[in-house]
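Q: Each chain is listed here by its residues.
Protein chains: 2
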Amino acid sequence: MVTNLRNDQAPLYIKVNDKDNTAIIVNEGGLRKGAVFPCGLVLAEGVPQGHKVALTDINEGEEVIRYGHVIGYAERTINRGTWINDTLIKMPAAPPLEKVPLSDKTPAPLEPLEGYTFQGYRNKDGTAGTKNILGITTSVQCVVGVLDYAVKRIKEELLPKYPNVDDVIPLHHHYGCGVAIHAPDAVIPIRTIQNLAKHPNFGGEALVVGLGCEKLVPDRIAPRENIISLQEQKGFKQMIHSIMEMAEERLIKLNSRVRETCPVSDLVIGLQCGGSDAFSGVTANPAVGYAADLFVRGGAAVLFSEVTEVRDAVHLLTPRAVNEEVGRSLIEEMKWYDSYLRRGEADRSANPSPGNKKGGLSNVVEKALGSVAKSGSSPISGVLAPGENARQKGLLFAATPASDFVCGTLQLAAGMNVQIFTTGRGTPYGLAAAPVMKVSTRNALQAQWPDLIDINAGRIASGEASIEEVGWEIFRMVLDIASGRKQTWADHWGLHNDLCLFNPAPVT
Amino acid sequence: MVTNLRNDQAPLYIKVNDKDNTAIIVNEGGLRKGAVFPCGLVLAEGVPQGHKVALTDINEGEEVIRYGHVIGYAERTINRGTWINDTLIKMPAAPPLEKVPLSDKTPAPLEPLEGYTFQGYRNKDGTAGTKNILGITTSVQCVVGVLDYAVKRIKEELLPKYPNVDDVIPLHHHYGCGVAIHAPDAVIPIRTIQNLAKHPNFGGEALVVGLGCEKLVPDRIAPRENIISLQEQKGFKQMIHSIMEMAEERLIKLNSRVRETCPVSDLVIGLQCGGSDAFSGVTANPAVGYAADLFVRGGAAVLFSEVTEVRDAVHLLTPRAVNEEVGRSLIEEMKWYDSYLRRGEADRSANPSPGNKKGGLSNVVEKALGSVAKSGSSPISGVLAPGENARQKGLLFAATPASDFVCGTLQLAAGMNVQIFTTGRGTPYGLAAAPVMKVSTRNALQAQWPDLIDINAGRIASGEASIEEVGWEIFRMVLDIASGRKQTWADHWGLHNDLCLFNPAPVT
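Protein sequences appear in the order of chains A and B.
Each residue of the first sequence is one higher than the one before, starting from 179 at the first, in our numbering.
Each residue of the second sequence is one higher than the one before, starting from 179 at the first, in our numbering.
Calculated from the structure, these hints are not laboratory results.
Certain hints may be false.
One copy or any two copies: either way a pair holds, since identical chains are not told apart in the list.
[Unchecked claim] Only pairs whose alpha carbons sit at most 27 Å apart, straight line, appear in this in silico DSS-like list of lysine-lysine:
1) Lys412 / Lys535
2) Lys211 / Lys283
3) Lys664 / Lys330
4) Lys193 / Lys283
5) Lys536 / Lys412
6) Lys415 / Lys330
7) Lys664 / Lys415
8) Lys333 / Lys535
9) Lys535 / Lys268
10) Lys415 / Lys333
Only chain A is shown next, with the shape it has when bound in the complex (with noise of 0.2 Å):
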């Protein structure tokens, strides 16, 4: 699959797929007009890296193939050697709905893999945290400001005294009043925060703090005695006290806990990719997806997202289901997220960003076959709905937004307790509740920013190590973040993004 030349001098392409047209750009830098492949095959202009180049002359309206499949259609000829770059290609419509095949490819399920372990906090509700932390979550925005006060003060004053305890952590949220309550989509944004509240790495402890008179009742969140209502409260002062004497109470059943050993199938691993480029769909997605069939072997929960992202792949993702009321459940997310986009007239023209086609990335089409490989190659046994919790095992289709925020949210609503992600252009991205590990696309990115790459998956496309090598790796590494053993960068540096609701329900 990757043409194996190591002097970074010599033109270097990848083709995936036999079939394919089109192959991409390894060189740093890209190729000037008039670069000779192995092949024979002479640029007829300059290419960037990461950027297409055909392989054969495609004529006008004749279809432009990578990873096997149509990403779209000649909008005038293309000769050989020509950079395909997004204006050159005519999008296809989305896979109808109505006609993918449900189910008639499951795959055989993986050989299972045994003898690995990690070590985390075993919860009383069966599931295992990587992280030791009292998590003080919201009803409301209103209180924010009251609970950073609180937060600053309970890490100062009472953090110190319990050393087992990672951290203490606000959980923010746009959501809770001067929002429709009633309204069909408020669904997801409330049973995110109930979710978000019993996310393993805070070991059932999670308190509330809430208004008194927000539209999203505290005791929807938490059993009352986690609940602090600041209109009870008389003053400021005795709101910190409050909040103070109740986080004391948790620290000290918190630092009561030591980690134990715990098989991989408590792990519950996210998928994610932000900042694609077009090296994503060769070196890290694939890599990940190695390692994803590794967990699933392991009995673990793995979670892959990005509805926007698989949209246009979703044709390669149905048949996989485990049963055709599994596929049915990937269409129904399909279609709810059609029509959501409608609903604002938007389409899926908006993805990809700006970011993804200087990184050669032409169209969702293409980013969407890229980002499906980090799904593997299990049989998908499940679906849930943003903000639902995973209560089953295997390779899970966890229905949330493409943007990295968002769907960070939602995987860890969905008790995601390890991260993994991967960047062709970087972001530093990071969360508080679960360690995020960060896998680079390409060698250059690593090279630029080696403190914030965990694992540098553009060895694959360099021929320095093979697709399998890397998703070991990332398979152990994720193992020994998961026993705190090992600290991703964006712990090291305590990077932390926002939690960002998902809520397609109107604000009033």
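Could you slot chain B onto chain A? The hints should help.
A: Same frame as chain A, now just chain B:
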């Protein structure tokens, strides 16, 4: 208007308008069945404080009147002395937008008010700051982990060297990528972010931290020399170094600024209510309305907002428009919001909140009638669409959701440099970018939260102060706050809510 009894034990109610067949109970803790009022009215059952009592027998289907307006129709016969809770009232239809009168009762301009000034920071663009802040905004959520790290170091290592600078604040938002940036409604979050960066309290020196591949390209927010793009940096350490270096250049400039005497007309006053109760419309809001008139007379811009809360009183507003065009703009904003709610299958019954109802507000009509009292008696001289900047003076309707945090963010984008916030149930709300002054509607709230409430308008209900007196107090306190002579309680404790963008367009 107010029954001026000083003895808290004697039954006391407030009837606002001669036409009213309802009144609200003033006594703390409410009144028991059998309580006898000076007018001879006897309570047929217990009535909580702030809740309504029937002053006459009201037959099934007859009008229930408060503020001289119909707030609904009796669901069944309501006897004199009965507690009128929300289940007894059928809500009237919203005023039809096609039929409301436009600009037919424009009030005469109020008499100019001379001789009042504040000490502000004069900006090159003609605006004035009430604080001197280094604002660092973002083009996308991805970067906030890095930005927060940098801001922490700037505050610790640089800010102490520049004592004339009040604060360094990172402007987080959930926008920038993973959004339908070409959807029609995307204009709202985009111009909000653009206008936030130009807030008068940032003195024209706001920086932008961007990633490099986001959809909202940073050039749309600020000139190139104010932008740091993380993907252009060599690793995390250089990111922090670059941000700190650019921050220090701006801190030097900001530090050289001094407060100077500015006319009241340099103020942009935002009016808001949150956690409203039945007293809001008779104490705090009318007092704020009186202060609003003083500011308009002084030549300031005064913003009142909250579409869903004025929607049911729009027929009282459009006649006050300075001309038909302004009246039509007001209607256009209402129409847009009606359609936005409809598209999300929500309606105006989503407001009020459970807390509003506990406070005695039966429905959004009653809430609206109390809410518009904040707007005083001036002509309405302009309308701002959500996220637009105020470019004129006088009383302006800034169309925003009623959500406290979303409204506050949009008022900041409009250039609001002091916010007056009335509350009945109580909220600790605050903003980092501009001071928020809290006005309580009830004595009990001031007594309960003495370290959060800045002015108590509850004294109007208990007869200790008149609307005019509290109005002048608010006016003078705003000038003190705007001058940095007085600090709000929210700023004293550092209670600052998140910026919460209004994004009615889809995420992708």
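Q: Go through the numbered hints given earlier and state which of them the structure violates, listing their numbers in rising order.
A: Hints 2 and 8 are the ones this structure does not satisfy, whereas the remaining hints hold.
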